[in-house]
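There are 2 protein chains.
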Amino acid sequence: MAFDKEMLGLRTATPSDMRLACRAGEWTNVTAGLCGPYAQANLAILPADWAFDFLRFCQANPKPCPVLEVTNMGDPLLHRIAPGADLRTDLPRYRVYRYGELVDEVLDIKELWQADLVGFLIGCSFSFEAELLAANVPVRHIELGTNVPMYRTNIACQSAGRFKGPMVVSMRPMLARQAIQAVEVTSRLRAVHGAPVHLGDPSLIGIKDLTKPDYGDPVPLYTGEIPVFWACGVTPQAAALASKPPLMITHAPGHMLVTDIRNEDLLKDW
Amino acid sequence: MAFDKEMLGLRTATPSDMRLACRAGEWTNVTAGLCGPYAQANLAILPADWAFDFLRFCQANPKPCPVLEVTNMGDPLLHRIAPGADLRTDLPRYRVYRYGELVDEVLDIKELWQADLVGFLIGCSFSFEAELLAANVPVRHIELGTNVPMYRTNIACQSAGRFKGPMVVSMRPMLARQAIQAVEVTSRLRAVHGAPVHLGDPSLIGIKDLTKPDYGDPVPLYTGEIPVFWACGVTPQAAALASKPPLMITHAPGHMLVTDIRNEDLLKDW
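Chain order of the listed sequences is X and B.
Taken in order, the first sequence gives residues 1 to 270; the numbers are from this note's numbering.
Taken in order, the second sequence gives residues 1 to 270; the numbers are from this note's numbering.
Same shape as in the complex, but just chain X (with noise of 0.2 Å):
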């Protein structure tokens, strides 16, 4: 999936800009690389009856679900980290799953809201991705403009209630100098999946073929490089998979909200 030409425009757009461009279903495409100070965030919208056994299982797995806002039962504005954003409006892309399948892909979610909602926002990899590229660390979906690869592992979260499933990850290809200095950037980043779950060889986090990552597209690895894994925000979206609860709305993978809060703020105590 390539970006098209207006992606151009909307890489030094505002945070607002861009979800009024969501909201008006201007832009409905991946985020990734757009807005590059500001961070973005992954969402998972869960019935009340489900939603302190989701924040027990972001809290109990850190790394894949670092929280940045929850909402108030039954509203659907933000009030932290983009004060007046609607989720049921302002990402590009939404997911509907109901009782562990998912079941819709649409552009906004204002049929579905429900007064028993609660929204959960969970860092994302794409704001460390500026990080990277100021250490001259390459994040290869960005040079391609494609969605960053990601994939199912056999790495178990830990359960909390009635929520369970496999870690998801993304992976960027690096050489392994550059990993170290990915190591070292990413660490200090801990609201946005901090350092790395894993690099080299994919088959021990139980993923066969690059080439075939479960969300988002594939990207090539070049001589001498390696694949470098990140938890990724969209384990929730596995959890749904496998917890089943009767109604889970999520973004699309990379379809993200971006928020009003930049990157480096993500570093200090906000």
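One or more of the hints may lead you astray.
[Said to hold, decoys possible] Derived contacts from chain B toward chain X, CB cut-off under 8 Å, selection only:
| hint | residue |
| --- | --- |
| 1 | Phe-52 |
| 2 | Arg-56 |
| 3 | Asn-72 |
[What the hints assert, rightly or not] Example chain B residues on the side facing chain X (calculated, C-beta under 7 Å, incomplete):
| hint | residue |
| --- | --- |
| 4 | Gln-59 |
| 5 | Val-67 |
| 6 | Val-70 |
Worth flagging that the hints you see were computed from the coordinates, not collected in a lab.
Beta carbons are placed, not taken as given, at the ideal position from N, Cα and C, and that holds for glycine.
Chain X is already provided as a structure; the job is to place chain B on it using the hints.
This is chain B only, laid out in the frame that chain X set:
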């Protein structure tokens, strides 16, 4: 409150020994300085109806409330930070709050346990004191064998649902150069309150008189020393007063759960 001489033996006791001593009613005193390399934890127990709001409160206030483990509803046993520990008996002393009032202080809560209770274990500043001592930063209340002084501040926590309240801080006096070292040491320890929230003039955070802590014991400041303040895991108790849940059971300030996790493990992802 001075420690009895039994403490000298327990300073090197295992966490399991300590918990069994509490269970048997043989240790009912504060735990500062005990089981040096092992992390200690603050406790908050709430009915399930209040559990989600409380976990949201912790998520929104990670400096005072870094969550280490959440129990399954109705299960008084821990499974992660101290497998097999019993929340009803294995702390030296508990406080019982009903509708926002402190109504009792007890040595166990066997009679109070209910099928709808959920326990929250929260990181404790005692964990970083071993690191401070290792960096030659003095810890006055350990030198004196007393409980750490704690103060309610005018720093408002982020509210979450029905939970709100002021931040409580612990205070350690030290020289300016030691305060700088202390920031360096504790900023790495986010699971146990992280870097200080203030240093110097106590009135700037609403503390009128350092000699009259709201919890724990006062300690003297020596010539040239400034007070350094860390977010404290007693904050949920101040929130209990402000938020008035029908029942909230906590540890008595300074009377912590000793866990099986080493302080150094809190630096890693665990």
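Evaluation of the provided hints:
1. Phe-52: 4 Å, holds
2. Arg-56: Interface hint status for Arg-56(B): holds (5 Å vs cutoff 8 Å).
3. Asn-72: With a closest approach of 7 Å, the Asn-72(B) hint holds.
4. Gln-59: This interface hint holds because 5 Å falls under the 7 Å limit.
5. Val-67: 5 Å, holds
6. Val-70: 5 Å, holds
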